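Chains A and B supply the protein sequences, listed in that same order. Following the working numbering, the numbering of the first sequence begins with 1 at its first residue and continues without gaps. Following the working numbering, the numbering of the second sequence begins with 1001 at its first residue and continues without gaps.
The hints are simulated quantities; they were obtained by calculation from the structure and are not laboratory data. Bear in mind the structure is a predicted one, so any value in this text is a computation, not a measurement. One or more of the hints may lead you astray.
[Said to hold, decoys possible] Calculated lysine to aspartate or glutamate pairs in the EDC-like style (CA-CA distance at most 16 Å, straight line): (1) A/328 <-> B/1052; (2) B/1101 <-> B/1075; (3) B/1101 <-> B/1016; (4) A/333 <-> A/280; (5) A/328 <-> B/1075; (6) A/238 <-> A/206.
Okay, here's what each chain looks like letter by letter:
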Amino acid sequence: MVPFAGYDMPVQYPAGILTEHRHTRADAGLFDVGHMGQAILRGDDVAAALETLVPGDIAGLEEGQIRYTQFTNEAGGILDDLMVTQRGDHLFLVVNAGCKDADYAHIQERLGGRVDLEIIEDRGLIALQGPKAAEILSGHAAGVQEMSFMRLREIEIAGIPCLVSRSGYTGEDGYEISVPNDRAVELAEILLAETAVAPIGLGARDTLRLEAGLCLYGHDIDETTSPIEAGLLWSIGKRRREEGGFLGATRIISEIANKPSRRRVGILPEGRAPARDHAEITDGSKNKIGNITSGGFGPTVNGPIAMGYVAADFAAVDTTLQLTVRGKSLNSKVIKLPFVQQNYYRG
Amino acid sequence: MATVKFTEAHEWISMDGDVGTVGISDYAQAQLGDVVFVEVPDVGAAFKQGEEAAVVESVKAASEVYAPVDGEITEANSALEDNPATVNTDAQGGGWFYKIKVANLGDLDALMDEAAYLAFVETLD
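Take these sequences, add in the hints, and give me the full structure.
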């Protein structure tokens, strides 16, 4: 167990990170992600209000549709990344555990008179991820198999009232399930009773998301990195790019037009030695051009993988980079993310 | 039976004449979790006691493996490059890292025997 954002969380279960990772890619893994923040935003113009804090298209969401977006600051950096679901009379937010108090304070400060923020303290969050997730969950709940990626529905699972999202942080098909606290253990036990489901700790959660090319807040994105530098332009709708109207829009729209000076890229080190976060990236003449922000061993890739920021001139696929690991220079090259193909259910 | 000694940094050294075989303890491999990379020293390299002589990386993190005594490397276990998981499955056997010609055999007296090491490990949990 390790302390994580004020919670005691398992890095791994007895099976270990490699086995847990492979199990999730082959069958299904169960993750307790109840440390994440869940909240409700209400108000007459709640979508327009939230759009002043995020570059994602919130007004254009259909009921039950989920958007990945970021809270930006005035300098165009990222305060947190989050999921926003349109729930008819309100928006449902899921934010990072380590940022949630600051996020809620930010919403209150910026939107206090305009929206009502209700922090949900009585619900847990469980993720079921992997190619067998849909088949397993459909054994306990009606209608989950045909749900599309990035859609949410209110569904009873084995009689437990849940908010079921077809989404996740592994690159695999799967669900994130918001469940009342007093039924969360019951739900976890029902799912873990399935032979194809194993419990997965923080260690494999990290290797799975890294292989999927997904950002970890505080590592791959932070208050200094813009969504454009981070390669998250896809999460900013056309209307938002044209209209702006969110914190940091000046920098972000300028970077869309003029290209950012650095970019987040996937990096494949040669050989077997992992390069971890903070490792320095240099060009062939030993000039520093960036840093690794996430790196380690990719169990499905079966070798070292990394992500980091490099000066824009070095961001093209197949560009050769040098990584400094324990004083030695490792050859590596830029690759197109993700490292492992994403298997989302598009219907 | 060969003399096996342990350090507080969880290395073991098994003596055969004046050459010791060095690895990490079973306790250490269990703490590290799945080992995915091992860097062993070059033959001929000399180390002082406590200097970093090898590196072991699990999925979680990189850790240094220190020289338990002063000496010179006579052999490295290159098989670990292709099969680093041997450190998990056989830490105190096939998962050895390197062999070192011990400069001062008296250095070994300061290290723990297995019973003392296991008692030391008990105090860590």
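Pair hint residue 1101 of chain B and residue 1075 of chain B, alpha-carbon separation not exceeding 16 Å | holds (9 Å)
Has the given pair, residue 238 of chain A with residue 206 of chain A, been kept, meaning a C-alpha gap of at most 16 Å?
-> Outside the cut-off at roughly 31 Å; violated.
Does the structure keep residue 1101 of chain B and residue 1016 of chain B at a Cα separation of 16 Å or less?
-> holds (10 Å)
Decide if the proposed pair is consistent with the structure: residue 333 of chain A and residue 280 of chain A, CA atoms, cutoff 16 Å inclusive.
-> holds (14 Å)
Can the restraint linking residue 328 of chain A and residue 1052 of chain B be considered satisfied, given a maximum Cα separation of 16 Å?
-> holds (15 Å)
Restraint status (C-alpha distance of residue 328 of chain A to residue 1075 of chain B at most 16 Å) | violated (22 Å)
In this structure, the hints that do not hold are numbers 5, 6, in rising order.
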